[in-house]
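Order-wise, the sequence lines are chains A and B.
Okay, so the first sequence: first residue is 1 according to the working numbering, each after it adds one.
Okay, so the second sequence: first residue is 290 according to the working numbering, each after it adds one.
Since the hints were derived computationally from the structure, they do not count as laboratory data.
Treat the hints with care, as some may be off.
Derived CB-CB ranges, DEER-like [as the list claims (entries may be wrong)]: (1) A:Lys110 - B:Asn508: 37 to 45 Å; (2) A:Lys51 - B:Gln604: 40 to 48 Å; (3) B:Asn589 - A:Glu256: 21 to 29 Å; (4) A:Ala184 - B:Asn303: 21 to 29 Å; (5) B:Gln500 - A:Lys51: 26 to 34 Å; (6) B:His530 - A:Asn232: 57 to 65 Å.
A partial selection of chain A residues facing chain B, derived with a Cβ cut-off under 10 Å [claimed, not checked]: (7) Asn69; (8) Glu72; (9) Asp126; (10) Thr136; (11) Glu281.
These numbers were taken from a predicted model, which means no experiment stands behind them.
Note that beta-carbon positions come from the ideal geometry of N, C-alpha and C, so glycine has one too.
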Amino acid sequence: MSYKIIVLVKQVPDTKNITVDAMKPDGTVNRSALPTIFNPEDLNALEEALKIKDKYGAKITALTMGPPNASEVLRKSLFYGVDDVILLSDRKFAAADTLATSYALSLAIKKIGEFDLIIGGTQAIDGDTAQVGPQTAEKLHINQITFVDKIQKLSDREIVANRTTDYGYETVKAKLPILLTITAEANTPRPFSVKKTLTYKNAISLIEKHDYDEEYLQSNNPNKPFIITTWNHEDIGAEIEQCGLNGSPTQVKQIENIVLEVGESKEIDNSEDGFKLLISELFSEHIIG
Amino acid sequence: MNSNEVWTYIEIQNGKIADVSLELLGKAQDLAKKLSVKCGAILLGTNPQNHYKNIFEHGADIIYSAEHFALENYTSLPFTKVVCDIIEEYQPQIVLYGATVNGRDLAPRIASKLKVGLTADCTELQIGDYEKKKKGEVKKYENILYQIRPAFGGNIIATIVSPNHRPQMATVRPGVMKINKTDKTNSGKVVNIQANISEELILSEIIKTIQIEKSVNLNSASIIVAGGVGVGSKDNFEKLHELAKTLGGVVGASRAAVDAGYINSDHQIGQTGITVQPKLYIAVGISGQIQHIAGMSNSNRIIAINTDKDAPIFQIANYRIVGDLNKVVPQLIETFKKLKK
Numbered sequence: 001m002s003y004k005i006i007v008l009v010k011q012v013p014d015t016k017n018i019t020v021d022a023m024k025p026d027g028t029v030n031r032s033a034l035p036t037i038f039n040p041e042d043l044n045a046l047e048e049a050l051k052i053k054d055k056y057g058a059k060i061t062a063l064t065m066g067p068p069n070a071s072e073v074l075r076k077s078l079f080y081g082v083d084d085v086i087l088l089s090d091r092k093f094a095a096a097d098t099l100a101t102s103y104a105l106s107l108a109i110k111k112i113g114e115f116d117l118i119i120g121g122t123q124a125i126d127g128d129t130a131q132v133g134p135q136t137a138e139k140l141h142i143n144q145i146t147f148v149d150k151i152q153k154l155s156d157r158e159i160v161a162n163r164t165t166d167y168g169y170e171t172v173k174a175k176l177p178i179l180l181t182i183t184a185e186a187n188t189p190r191p192f193s194v195k196k197t198l199t200y201k202n203a204i205s206l207i208e209k210h211d212y213d214e215e216y217l218q219s220n221n222p223n224k225p226f227i228i229t230t231w232n233h234e235d236i237g238a239e240i241e242q243c244g245l246n247g248s249p250t251q252v253k254q255i256e257n258i259v260l261e262v263g264e265s266k267e268i269d270n271s272e273d274g275f276k277l278l279i280s281e282l283f284s285e286h287i288i289g
Numbered sequence: 290m291n292s293n294e295v296w297t298y299i300e301i302q303n304g305k306i307a308d309v310s311l312e313l314l315g316k317a318q319d320l321a322k323k324l325s326v327k328c329g330a331i332l333l334g335t336n337p338q339n340h341y342k343n344i345f346e347h348g349a350d351i352i353y354s355a356e357h358f359a360l361e362n363y364t365s366l367p368f369t370k371v372v373c374d375i376i377e378e379y380q381p382q383i384v385l386y387g388a389t390v391n392g393r394d395l396a397p398r399i400a401s402k403l404k405v406g407l408t409a410d411c412t413e414l415q416i417g418d419y420e421k422k423k424k425g426e427v428k429k430y431e432n433i434l435y436q437i438r439p440a441f442g443g444n445i446i447a448t449i450v451s452p453n454h455r456p457q458m459a460t461v462r463p464g465v466m467k468i469n470k471t472d473k474t475n476s477g478k479v480v481n482i483q484a485n486i487s488e489e490l491i492l493s494e495i496i497k498t499i500q501i502e503k504s505v506n507l508n509s510a511s512i513i514v515a516g517g518v519g520v521g522s523k524d525n526f527e528k529l530h531e532l533a534k535t536l537g538g539v540v541g542a543s544r545a546a547v548d549a550g551y552i553n554s555d556h557q558i559g560q561t562g563i564t565v566q567p568k569l570y571i572a573v574g575i576s577g578q579i580q581h582i583a584g585m586s587n588s589n590r591i592i593a594i595n596t597d598k599d600a601p602i603f604q605i606a607n608y609r610i611v612g613d614l615n616k617v618v619p620q621l622i623e624t625f626k627k628l629k630k
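Same shape as in the complex, but just chain A (with noise of 0.2 Å):
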């Protein structure tokens, strides 16, 4: 049988590579300094669907939400093989935690309709929470496995999968409808294929800066881009209260930049003294010994 696949990506900032250049003076982060990336481990989910499709047969559906350039995650997701893709994006979502961030995804996924399967990474490395998944998943009434890190088997009702736990890891059997979220180790994704990449290079989201003309992008024309599907708030039928900063229960009361501090420091002299005094003062205070 064939599968109905809806995958969860996100554009978020490389924050595992952060520079100088990217504090600012008073140590606050300047996003736009940041390069953004595809979230990795979203990569892994979405490789996880693609070696389902490869095996039995899917249709995958990739869907994030995230202002107009977050089209660029959609884009390669076209490139590695899914099937279609949705942005979701209004001004109304914005500054959405993940309570706001999962009432939205929700929405757009029981508008897409039918699946079987929702994959998405364990966390994405900007906020690292790893709730999203679960949040979505609750939402819309389904169970979940989180930390799947192999998928053993799949039915057509059933999914067997390994997920990571605290002390090794334990196998799960569950019914579909199910929310899978993938980790790292799961798998090593595929490059891009070149045929797709040529096919939809040139897709866009209308609401992204773009030079072609209206007449164009509505006319038959086959060479003509690959239009990404985008929905508002209102395509998903949303409460503007549930949306973005007012859906939002937490809020941040402040950032800090992170000081380092320590009570006493004094420097060792590289030196056999010098080492000697260390381990004394070690002993006597108990810490060693």
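Put chain B on the given structure of chain A with help from the hints.
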């Protein structure tokens, strides 16, 4: 019933209470004292009574206990249902969860169902006031939970609040809070909860559980000798193992050292890894990336050994040794052995 209590979700791992739950009980007890309310614990399982004594001794005044065959192993839906039912019935003001794999599976589902805020991986929790300006008006909130966590890959510290929603919920990683001293005389009340789990919620079955022994137990170690990429090679890491062995400690590592293949990821300390607070932390060839510091800065004493005198690690070190580890480490071993006699 609005109990207004401060609660800890008690996680059972392999029939035992997870350490992180005991760590959180201590914190919950402190927060409850500040708020002059009771400290509660939620316990789900098949033999909950086995754990009552331990939970009371770690500071709980009241245990909300639910027993049901479907709660033998953790699965998302039955646990979400029962915890939500208890929260809705007794309305605590704060609920804390360990940021374990299962805690991170459960807490967001509960937050989503109850439509309340949840802050992941807090490193500190405090009670304080909050003022919010909106449309020219200032709204004041008293005694709310400050949920403090590293953000943006560990590069900044954010204080998060959820002033308008109850309960306020947070997860905390294992090892971040300290277990309070037990009080053998403490006891309290048990509230038996009728777990209401319908058939449609039993959709997952755990068919196999595999335990993999970690090659090191960093959380319980009182002395840690940790190496960074500056150690330079797997062979050089042997010297760290020797120093750790001499001092009666264990070996830790920075993410960079793990990525370089010097040692396996069980040893990784930091934001992505394990959080430790040993009596003595010896950082060897670790430059002091914020991601690493987030996992060890609460150590009682820190010795840093580095060839670069400007390495950021020296900013948090109690003892700074500028020098080559290949000379310094063997000398430390020798000095220790001499003075020990």
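Hints, one by one, checked against the model:
| no. | hint | verdict |
| --- | --- | --- |
| 1 | A:Lys110 - B:Asn508: 37 to 45 Å | 43 Å, holds |
| 2 | A:Lys51 - B:Gln604: 40 to 48 Å | 46 Å, holds |
| 3 | B:Asn589 - A:Glu256: 21 to 29 Å | 24 Å, holds |
| 4 | A:Ala184 - B:Asn303: 21 to 29 Å | 26 Å, holds |
| 5 | B:Gln500 - A:Lys51: 26 to 34 Å | 28 Å, holds |
| 6 | B:His530 - A:Asn232: 57 to 65 Å | 58 Å, holds |
| 7 | Asn69 | 19 Å, violated |
| 8 | Glu72 | 20 Å, violated |
| 9 | Asp126 | 7 Å, holds |
| 10 | Thr136 | 8 Å, holds |
| 11 | Glu281 | 8 Å, holds |
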